[in-house]
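A.B. asks: Letter by letter, the chains look like this.
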Amino acid sequence: MSTKKQQQQQQQQRQREQKDYGSFVAYPVARAPVATSVPYKRNEWLTSIDGPIVILLTLLCAFTRLYEIGKRAVVTWDESHFGKFGAYYINRTFYHDVHPPLAKMLIGFSEFLAGHNGTFTFKGEYPPYVNFRFMRCFTAIFGIGLAPLAYITCLQLNMQRKVCVLAALFVIFDNGLCVMSRFVLLDEPLLLFTAASLCSIAGFQNTRHRMFTCAWWRWLLLTGCSLGLVSSSKWVGFLAVALVGLYTIEELFNMYVDAMPLKTVARHFAARALGLIVVPFIIYVACFKIHFLILNRSGPGDATMPPTFQARLKGSPLGHQPFAVVYGSQLNLRSMCPGSGLLHSHPHAYPVGSQQQQITCYSHKDSNNDWIIVKPAGEEFNYTSEPLITVRDGDIVSLMHRSTKRMLHAHSAHLAPITTSDYEVTGYGKPEWKDKNNSWRIEIARETSSTSNGELHTITTMFRLRHVVTNCLLSAAAVKLPSWGFRQTEVSCSRENKLSSTTSLWVIERHINSRVPAEDLRHMIKGSFFSDFLRLNMEMARSNNALVPDRDKYNHLESSPWSWPLLIYPMRMLGSWKRGDIKYYEVGNPLLWWMSSLVCLLFPLQLFYYYVRKRRGLSSNWAPGEELHFWNGAKLLWGGWVLHYFPFYLMGRVTYIHHYLPALYFALLFLAFEIDHCCRRLFSRGTQDIVVLVWAIGAVAVFCWFAPLTFGYSGDIRELKNRQWLSTWNLYSDPYVM
Amino acid sequence: MSVDDSAQLKMRSSKGKPITAPDTLGSAGEQGHTSVNATSSKEADSSVSSSESESRRASKVSGWVKNSSKYAFLVVVALSFITRYWLIWDPAQVVFDEVHFGKFASYYLRREYYFDVHPPLAKMLIALGGWLIGYDGHFLFEKIGMDYMSNGVPYIMLRAWVALFGFAIPPLVYMIMAESGYSVAAATLAALLVTFDNALVTQGRLILLDNIMIYFMLAAVYSYVRFFKLRYKAFSTQWWTWLLSTGAMLGCVVSCKLVGLFTIMLVGMAVLYDLWRIIDIRRGTTMFDFCRHFVARAFALIVVPFMLYLSFFYIHFALLTHTGPGDAYHTSKFQMQLIDSPMTKSSFDIHYGDQIVFRHRDSAVYLDSNTGRYPLRYEDQRVSSQGQQVTGAKNLTSNSLWMIQPAKDQLGFQEFMARRDAGEDISDEDMDKWLVYHSDFVQLMHVNTSSILRTHDVASPLTPTNMEFTTVPLNGSVAVWEDTIWQINIDGADTNDTVLQTSSSFIRLVSKKHSVAMYTHKKKLPAWGHKHQEINGNKKPTENGNVWTIPLIHGRKASPEEQEEMKNKVAKMGFFEKYAELQGLMIKHNNALTSVHPFQSTPMSWPLLVRGISFWTNADARKQIYLLGNPVGWWLSSLSLLAYVISVVALELFNRRNITIVDGIIYRHFLRSGGFIAFAWFIHYFPFFLMGRSLFLHHYLPASIFAYMMIGATYQFFNFDEYQKFTLRHWNGKARALMPSTIAAALFATIIAAQVATFMFFAPLAYGTTSMTPEQIRGRMWMSTYDLHFQK
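Chain order of the listed sequences is W and G. As numbered in the working numbering, residues 1 to 738 make up the first sequence, in order. As numbered in the working numbering, residues 1 to 792 make up the second sequence, in order.
Any given hint could be a false lead.
Label pairs and their calculated CB-CB ranges [claimed, not checked]:
| hint | chain 1 | residue 1 | chain 2 | residue 2 | range |
| --- | --- | --- | --- | --- | --- |
| 1 | G | K539 | W | E380 | 33 to 41 Å |
| 2 | G | L608 | W | L274 | 34 to 42 Å |
| 3 | G | W276 | W | L499 | 35 to 43 Å |
| 4 | G | T602 | W | Y656 | 32 to 40 Å |
| 5 | W | A273 | G | W276 | 31 to 39 Å |
| 6 | W | V98 | G | K539 | 25 to 33 Å |
| 7 | G | K539 | W | L274 | 27 to 35 Å |
List time: in silico BS3-like cross-link candidates among lysine-lysine, alpha-carbon distance up to 25 Å [what the hints assert, rightly or not]:
| hint | chain 1 | residue 1 | chain 2 | residue 2 |
| --- | --- | --- | --- | --- |
| 8 | W | K480 | G | K523 |
| 9 | W | K480 | G | K539 |
| 10 | W | K434 | W | K498 |
| 11 | W | K84 | W | K71 |
| 12 | G | K233 | G | K394 |
| 13 | G | K394 | G | K408 |
The hints are simulated quantities; they were obtained by calculation from the structure and are not laboratory data. No experiment lies behind these values; they were computed from the predicted model shown. Backbone N, C-alpha and C fix where the C-beta goes; we use that ideal spot for every residue, glycine too.
Sequences are here, hints too, so could you generate the full structure?
C.D. replies: Structure follows, in structure tokens:
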């Protein structure tokens, strides 16, 4: 009787577990399940034993990351970039870079704490006044955090404790992660925040049955914060956002399908929108706000931003200029189309069309950007003695290139070299030639200052230049010319009267005229944080896309994504490789890289195998809940690996092996996850312990074997020739050298 | 929860008779209207038992409604014939890609080797037509607009032959729709829309590949539908017939164009879906059964198509036995297999001291030098070395003779040359000492000016990134000496004992000091360079444009015995070796078709029919052929695809919450049959987004047929509440209605009327037989992007 009752209870329990299966399970099990594997148990959140384990793991990780951290007192690897960027925050000068500011601000903060005064340019040896050991330790802390996070993540994914420790050991004893955590780089914050995102989404998943409780909210908001931090460190962080986004979509869809009341589904949706969209966005924006607040001085990055922004920077020449433009003024004209630049000419001719002098847009400041605005030839005017005449809306003017004395010219006889629907614009003719094709009409489109009196003003007036003869508009649409045009932007005369587009809008960035007194323009310029924010992000995207591979340079560093999981092309982290140089080599722990890649690449086959078995009614030996546990863990870890790896195939920009590190973190955890999964299904507890121990010893042994390359090796590299495991490695001979 | 096994669900009609649910591709147990004899015994019993009452009921139905499917089919056939064959002899000129495909057919008839990126079947079929009517292939279709009549080409018969395939397309559409369980109205609608599509008509009546390819594609789909309907009679003769037919048609479609791979993917996905259905334990299949199913499909759908594909190549090689314009694409070994190849006629070993000629493989110019010098300043103000010009000349003159000299052992060479010049008889052994081998370092002396070829770090006249080629007098300084050493790299040679030969060796000439390869391209030098091609040093020695051949040695000619000997020396090349080489080249050149064509377009613009292709114009008569789909049909079909996706997503979301809006069977038919059509459209369209080559509107035509079918599917879904009443099969003589409502009938009539009217309106552009005034032409520019000729 009692056994019958027990059976009934078991049955109910089983049904409940099966209902929880989510999308992986589509079929009822045909036969009564006979659990053969170790029962699945949900881990509790940090019991008393976990505290000491976490501390021990952290200490172990700290040792591998900090041991001899100051061995090489020279700027190493990308410290030259990121140390320099950090120093800009101390100098408070505006700079431009492809990465979002958070991680660089952290580096700047570490430099501030280290007592750096901003004068060091991060080239060569560190001077005594820069405490580089402290800076490296500061960023290494982020790398150290990876180990406890790996442990906690695995706990949240309900893996057995010994395997959780194993996962943390994998992270600690991977040479690739370790060597990249020992320098002042962006990778450490990126990795830590990625790991934090994974950890918190795993915790969120683990509390899904306690919805809207305190713990649930805590994990949700932690996920949001981590996502905000990771995407503010590098744009690769958006891949973590994608992982969490896809996970959330699946979860919400399952809720919808499970006939949950729509009101509850809506509540879930709203909570996630708040936690996973609003919170990260606020953090992302806040990082940029702080970035702008700190960098309030004119610096090397000015030219990438519009003049309204530049003029507001302290020390920028744009802040004090003559306001109203008069005939005879010297001007720099900037196209309002992002990515175009300043109107430019140089003594080179078009190789096609009229073969007259080239007119381009150039993004850097240069004396060839100077134009003088004059009356059209034929109208006598003495620019030095006659009273000043302001340039007004509707005026017909000519523009003279200051250094070559050519006039801005357009004609219908030839078409622009690339945009063949437009007329060609050239530098042609002398100022005294009465050429009607040199005449342009000013059409003011928008005036942002309060004095809109039809006059042309510096910075605040957006205007068009309409060619009088052909009625076309001077435009620059960020189209690049080929090498004969030095890859500058094409300038053409657009026949389409598209007044909505920014390609034909121009603004005066610099205005020089000794006869007009300079004014403080800053109070006339309205700038908004959000437009600056958007513009800076657009410019970042543009410079990121411009990082295309240059085959003549650096090709011993670049590697394509296909080679990463197999560790085919490790990377030397410094150019000089002689005896006596302290050499660092970005090579991963081959055991861990190869095994984790194997597991990740075989996972689809494994999944297929399980599906077919299920379809054949052979899946009855799964323990209750084990299937759900497997699917829940695998989709986060394997999905994370896929999302952090495959997008690199689509990127046109240069790729390096350390771009694989976030994906590697997922792969290492997935390796541990599969060890856990297979152990549970195949082995008894005693055998499991042995398996875990063998893995741990193997990982540590291989790490130690490669440790000289990770901790810095100053001897002759040929002594380490046993470390060359693949013929493609350039450990002691560089196959790229011709 | 899966619903795969729906086909076994039986539904009871109001009369209590069991009827089968239509599912994925059609109905399960019932037979298509074309085959009557295979009715299952069970159904035969029931039809016998109730035959009396049914015949009585059937008599009430008027005859033409009963036979409506036959009449509809005949109407489609008749209209398809008329639209395709209407004035097929007009224009009597070469139109668009007839340039290529007519030419290729001629080569088959001449049996001369040509090279093309497409597999051979469709072109061989065109040639077959030509052969049957006795055309000898004398005309080479060189330019669009060339006259057929004055050249004596039997083009009408050729076109009529190819149009047979185009003519079969609308009936096939009807048959696929009918077999997939659609009503007469829906099937007729789809087939008539396809009949009156201008682009398909234009393509369907010219000597082009696309309609042959589409014909096989639809035949494969039709066969698969028939096959799938027999899934409860697995391994029966009929089942095998249609399975093998699917495989054969897939083999044919992929042998017409590699785009046929998309059709294979379509069928492949359907097969995977089917196998997943079969493997289900609840279906009671054993693993052995499953393996039988799997092996049968793998054999019929992978092995058979591939064998067919290979056999068409076998025929291709068997037909093209003579040397022809395609030789130059291939390796010398391949070329030597062809009868009369210049490779076998004059392939000599080259010795130091020979006066040889270099010819560029791609542009066929000769390395030339003359006494002229580079001007001091070029137009872009760059400065030259003012050295002696080295150019690429179209014509072979004595200026193209270069003497090849060794870089080492100069003294021995001088002695050897002295003996040779003196006319001494040198033993073969001594001669062999002076053979030129792969990777030898050599110097090249220009015979007429006695100066030595050199490259140096000066920018080339037209290409500033490449190095200038010039010559220096014999007794130059030591610094210059280094610039004059060249390495001979024979393509495909891996050991140093490969001897340099005339004709058969493809070489790259790489500067020892600068690692640049001798290169030329189509750009012409200005008048100072006699409009010859520019020669310069390319910094990427491995590029394809750097390959040169040595066509002859000055004063050396093969005697007939030598020729015979050479012929016998040729290494034989097996079929698979030949095939592998050709296949590799086809893929390589297909990907390299990136040159910009004025009428190319982006895949994004196709479903909206943003722009057509100008096929042919006649300025005097103001006639033109402009490939353009029927705007009404294309826009409607794109709309119906959108409607399909939206409906399925919405209904699926409701279904998931257990809210039923559409009856189960109708929804399932819509989901599966519609899904098959939608996927077919998708797989024939989206891969183009990933292609780097230049694309054209006619690449969308296969997908457009499925888009038209989707109009039929959505038309049925939105208008017909009870499918069973209208399905297009023999239905035990029961009253079959044609239209469920007047609205549906009106919609049918409206769509057809609009399609036909638009077709007629644009017909002058499709047929090119009527001249039009500028106003008429401008009236047909429904989009400003239709760049028609003679607008003014």
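A.B. asks: Now, for every hint given, state plainly whether the structure supports it.
C.D. replies: Cross-check of the supplied hints:
1. G:K539 to W:E380: 33 to 41 Å: The hint (33 to 41 Å, Cβ to Cβ) is violated, given that K539 of chain G and E380 of chain W are roughly 55 Å apart.
2. G:L608 to W:L274: 34 to 42 Å: Holds, since L608 of chain G and L274 of chain W (Cβ atoms, about 40 Å apart) stay within the stated range.
3. G:W276 to W:L499: 35 to 43 Å: violated (57 Å)
4. G:T602 to W:Y656: 32 to 40 Å: At roughly 33 Å between Cβ atoms, Y656 of chain W and T602 of chain G fall inside 32 to 40 Å, so the hint holds.
5. W:A273 to G:W276: 31 to 39 Å: holds (36 Å)
6. W:V98 to G:K539: 25 to 33 Å: With a Cβ separation near 29 Å, V98 of chain W and K539 of chain G satisfy 25 to 33 Å, so the hint holds.
7. G:K539 to W:L274: 27 to 35 Å: The hinted range 27 to 35 Å is violated for K539 of chain G and L274 of chain W, with Cβ atoms some 57 Å apart.
8. W:K480 to G:K523: holds (23 Å)
9. W:K480 to G:K539: holds (24 Å)
10. W:K434 to W:K498: Judged against 25 Å, a Cα distance of about 29 Å means the pair is violated.
11. W:K84 to W:K71: holds (20 Å)
12. G:K233 to G:K394: violated (68 Å)
13. G:K394 to G:K408: Violated, at about 33 Å.
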